[in-house]
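Protein chains: 2
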Amino acid sequence: MPIADSRDRALRARAEAVIPGGMYGHQATGLLPDDYPQFFARGEGARLWDVDGRSYLDMMCAYGPNLFGYAHPEIDAAYVRQLGLGDTLTGPTELMVALAEALVAQVSHADWAMFCKNGTDATSMALVAARAQTRRKTIVRAKGAYHGAAPWCTPRGAGVLDTDRAHQIFCDYNDVASLEAAVAQAGDDLAAVFAAPFKHDAFVDQAAPDPAYARRARELCDARGAMLVVDEVRAGLRLSRDCSWSLVGVRPDLSTWGKCLANGHAISALLGSDSARKGAASIYVTGSFWYQAAPMAAALETLRLVRETDYLERLAALGERLRAGLAERAAAAGFGFRQSGPVQIPLFLFDDDPDLRKGFFWSSQMLARGVYVHPWHNMFLCAAMTEADIDGLLDAAEAAFADLRREAPGLGAVDKMAFLTAAASR
Amino acid sequence: MPIADSRDRALRARAEAVIPGGMYGHQATGLLPDDYPQFFARGEGARLWDVDGRSYLDMMCAYGPNLFGYAHPEIDAAYVRQLGLGDTLTGPTELMVALAEALVAQVSHADWAMFCKNGTDATSMALVAARAQTRRKTIVRAKGAYHGAAPWCTPRGAGVLDTDRAHQIFCDYNDVASLEAAVAQAGDDLAAVFAAPFKHDAFVDQAAPDPAYARRARELCDARGAMLVVDEVRAGLRLSRDCSWSLVGVRPDLSTWGKCLANGHAISALLGSDSARKGAASIYVTGSFWYQAAPMAAALETLRLVRETDYLERLAALGERLRAGLAERAAAAGFGFRQSGPVQIPLFLFDDDPDLRKGFFWSSQMLARGVYVHPWHNMFLCAAMTEADIDGLLDAAEAAFADLRREAPGLGAVDKMAFLTAAASR
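Chains V and R are the protein sequences, given in the same order.
Quick note, this note's numbering runs 639 ahead of the 1-based positions in the first sequence.
Quick note, this note's numbering runs 639 ahead of the 1-based positions in the second sequence.
Worth flagging that the hints you see were computed from the coordinates, not collected in a lab.
Check each hint, because a few of them may be wrong.
[Unchecked claim] Taking lysine to any residue and the SDA-like style, the derived pairs with C-alpha atoms no more than 25 Å apart in a straight line are:
1. V/K776 x R/G796
2. R/K776 x V/Q807
3. V/K917 x R/R795
4. R/K776 x V/R804
5. R/K776 x V/I808
6. V/K776 x R/L800
7. V/K917 x R/A649
8. V/K782 x V/M1018
9. V/K1055 x V/I808
10. R/K917 x V/D673
11. R/K776 x V/P794
12. R/K917 x V/M1056
13. R/K776 x V/R795
14. V/K917 x R/R653
15. R/K917 x V/R651
16. R/K776 x V/L800
17. V/K776 x R/A920
[Unchecked claim] Which stretches of chain V does chain R cover? Using the computed rule of at least three CB atoms under 8 Å from a CB of chain R, they are:
18. 832-842
19. 895-905
Note that the structure is predicted; figures quoted are calculated from it, not measured.
Ideal Cβ placement from N, Cα and C applies to all residues, glycine included.
Isolated chain V, as found in the complex:
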C-alpha cells in the first residue's frame, strides 16, 4: 500500500494538529523506521493489527504490559466483572487488601504493598519513602538507567531543573568500584541505592547483574542504614515469580512494579520490607485512580496465572529457541548480531552499526514480514507466543538477513539516529 494513502499517515496528520509534536513519550515512533505504524486497531494474544489492517507478531508486548496475551479472556473477565460492581469509588474495596496480601505472599522480601498507576509513580514513591525512612537526601543510581519520566529521572532535560535532580550520585552498573565510590561520596547522607534488576538501557547491549555487584549494593546499604531499591517495573514477573534479584540471592528493602502486573490494566505497586514501613507510612502520595478496584481484580487474576501456570518456564523456553535460532541464522548470513539481556527480554544490535542503519533496515524487513521488532529498545516475550510463532519469526529473520546482505553496501545513514554517532564520538 502506498504509505501516503495509508490510514496511519492520515491519523498522523490529524495528530500533528492536536497533539504537540504529533505524539509523545515512549510510544512515539519518531525514532523508529519510517514504515513503522504509529496507530494500532486491535490486539489479541501475541498479535497486533495496525490501522491499515496489517497484522504482526508483536515482540514489544506494549513495552512490557502484555505478559499473558492481549485481550486475555480470564484476566479481562475479572476486570469487567469488578467494573460492574464498582471500580473508582469513594474508598477502596477489599480487593486492595487481597492484592497486597497476594504480593506479600509471592515476593519474598515484601512485607507490605502500596498501589499506584504507572511505574514512575512507584519509583517516585520509592524515592520519597526512602528519604522519609532514613531522613537523608542522597540516592545513588546507575548512569543511563531508566527509572521513569518524572523530573527527578526523565531522560530528556527540557523543562527540568538542576534542583529537580539534586542529591543524586551516579555510578556505572555492575562496576563495584564505581558503586563504592558513589556511596563514599554520599557519606552519611545516603538514603538509597536504586538498581535495575539487570542493565536494560536503550541503544546499548543489556547485561545481567553481576552477583558481586548486587551483593555489594546490599552490604553498603546495610552498613549505612540506607534503603536498597530494585526497580522491577520493566523486568518484574518475566525473570522470576519473586523479585528478580532473588535469583542472585539479594533482598531489597523496596521494589517497584508495574507494566505487566495486571497484564495491561493500569496498576503499579511499591513493595517494601518492614525496614522501610515507617517511612512509607509517613508520606503523602495519592491519585484519583490509585484505588480503582477493577485493575486490582485483573492483577489478582494475573497473579493466579503466575502461580498456577508454567508461563515462566514457557517464556524461558521460547526465549532460548529464539536466541539460538537467530544466532544461527545471523551467523549463516555472516552478520555479527548481538542478542543481549535475558532471553525473555532481548535486545538486538548489529556489530559495526553506529547509526543503526543495519538495524533499521533489518527491522523494516521483519515488519514487512509480519514481525514487529524494535531496533534499539529491549523487547518482551509473552506467554501467548507459541513455538510456531518463534519459528515464523526465524523464517522472517532468515529472509531479512538475506535482504540485508544484499542491500547493506548501499544503505545510507539514518539521519534521525545521528545523535548516536555524535554521542559516541564525544
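Since the structure of chain V is already known, use the hints to place chain R on it.
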C-alpha cells in the same frame, strides 16, 4: 451492628498488616469520624454500598470522578467494547486523536491535548511544559491550594526535600496585591502562574474566583511572557462545559484535567494553547498506561454526554435545591452552618467549631441515615442524583441538626483534628 464485629474492621486489621499505616492518601479514613467505612463493595448511580451492606447517597462521588453515576451503562459499555479490541498496546489507537480533537473542540483555549493517568501527572506535566516553553524556573501558586501529590506539590513534607520545591513563590488566592508581589519577586524568571479555578482548599471555606484576580493573573502572565495554568482537575466539567475560567472571561495557556473526564476510568489530560505548544512538544513525559484505548473510549462517551445532555443545568438545579434546603434547616435548628463554593462542589462547616466536633457529630448522624457527607473536604454532585435524593438528604439533615442541638453541649474534642486548633492558634 457492633463495630468490632464488622467486616470493615476485619479488613482494616488485615490492611494494617500489609499496607503501611493501614491505608494512604486521600481515601484513608484516618481523619474521618470513626464510624465511617474504609472499604466499599459496590457503586451504582449516586449510591454506594460499604462492605457491611450499608448503602449511602454518596456526596463524595469518589472525590470527583463520578459525574454521570457509578457503573454508567453507556460509558462502561464503551470501555468494555474497546477493551475487547485493544487497550494497552504497542502504540495508541485512533481514539487518542479523536479524544484530542473532541477536547480541542470543546475547551475554548485549547489547541492541543496530551493524556496521562492522574491529576498529578497533568499538573506536573504543566509545570515541566511551562518551564520548557519559557526557559525559566519560577512558578507562582496560592498557599494551601492542592495541585497533586508529587514532591513539588504534595501537602505533607515527609520525604520531600527543599530542592523539590525550589523556585516556587506563594501568594494568597484572590488577593491581587499578593499575586502582584509574588510575580514581582519572580522578576524575569516567571515561568507560570498556577491557579485553581476557585479556592477549594480543605478545612476552610471555599471561595469563588474574584474576576479581577483572574484577569490580573492573565495580564501579568502576558506582560511577562509567562504561562497561566488553570488546574481544573477537581472542578472540570462540573462548572462549565468549557474551562471554568471561561466563566470569568479568562483563557489560560495550559489547563489540567482529570477525575471525571471519563467518569471514573483512569485518564487525565493537559490541554494547551498554541502559546504553550513548543514547550510541550520538547519534554519527555510518558507512562506505561498513558496510551490505553479503553479509558479514551470512555472519555469520548463522557464528552458526548457532556455535549448532548442537560447534566450541567441539572447539577446546578440540584445544588441550588440542596443549598437552600440545608440553609433553611440549619437556620431553623439555630446553627451557623456555612455552605461554601459552587453549589455543585459544596463544602460544609459549622460556625464556632474549631476542632470540627460539631461537623464530625453531624456527619456521623448523616451517615447513620444513609448519606455519606464529608466534614472538611468539598463534596461533589453527580448527574445521577435526583430531586428525591436531595429531599431525602434534607430530611436526614433536619434530623441530624436536631440530634446535634440535643447533644452539642456534651460533645468532646475530636482528638484526631487537634492539629486544626493548633494550626489556628499559631
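Subject >> Hinted pair V/K917 and R/R795, Cα distance within 25 Å >> reply: This hinted pair holds, its Cα atoms lying about 15 Å apart.
Original post:
Between R/K917 and V/M1056, is the straight-line Cα distance small enough, at 25 Å or below?
Top reply: 22 Å, holds
Original post:
With a Cβ-Cβ cutoff of 8 Å, does the region 832-842 of chain V contain at least three residues near chain R?
Top reply: violated (count 0)
Original post:
Is the Cα-Cα distance between V/K917 and R/A649 25 Å or less?
Top reply: 22 Å, holds
Subject >> Agreement of V/K782 and V/M1018 with the hint, judged by alpha carbon distance not exceeding 25 Å >> reply: 21 Å, holds
**OP:** Assess, step by step, whether the Cα of V/K917 is no farther than 25 Å from the Cα of R/R653, and give holds or violated.
**Re:** 17 Å, holds
Original post:
Regarding the pair R/K776 and V/R804, is the alpha-carbon distance no greater than 25 Å?
Top reply: Judged against 25 Å, a Cα distance of about 14 Å means the pair holds.
Original post:
Are R/K776 and V/Q807 close enough, with their CA atoms no more than 25 Å apart?
Top reply: 20 Å, holds
Subject >> Satisfaction of hint between R/L800 and V/K776, Cα-Cα up to 25 Å >> reply: 7 Å, holds
**OP:** Would you check chain R against the region 895-905 of chain V, counting CB to CB pairs closer than 8 Å, and say if three or more residues qualify?
**Re:** It holds, with 5 qualifying residues against the three required.
Subject >> Straight-line alpha-carbon gap R/K917 to V/D673, limit 25 Å >> reply: With a Cα-Cα distance of about 23 Å, the restraint between R/K917 and V/D673 holds, given a limit of 25 Å.
Original post:
Between V/K1055 and V/I808, is the straight-line Cα distance small enough, at 25 Å or below?
Top reply: 31 Å, violated
The structure shown violates the earlier hints numbered 9, 17, 18.
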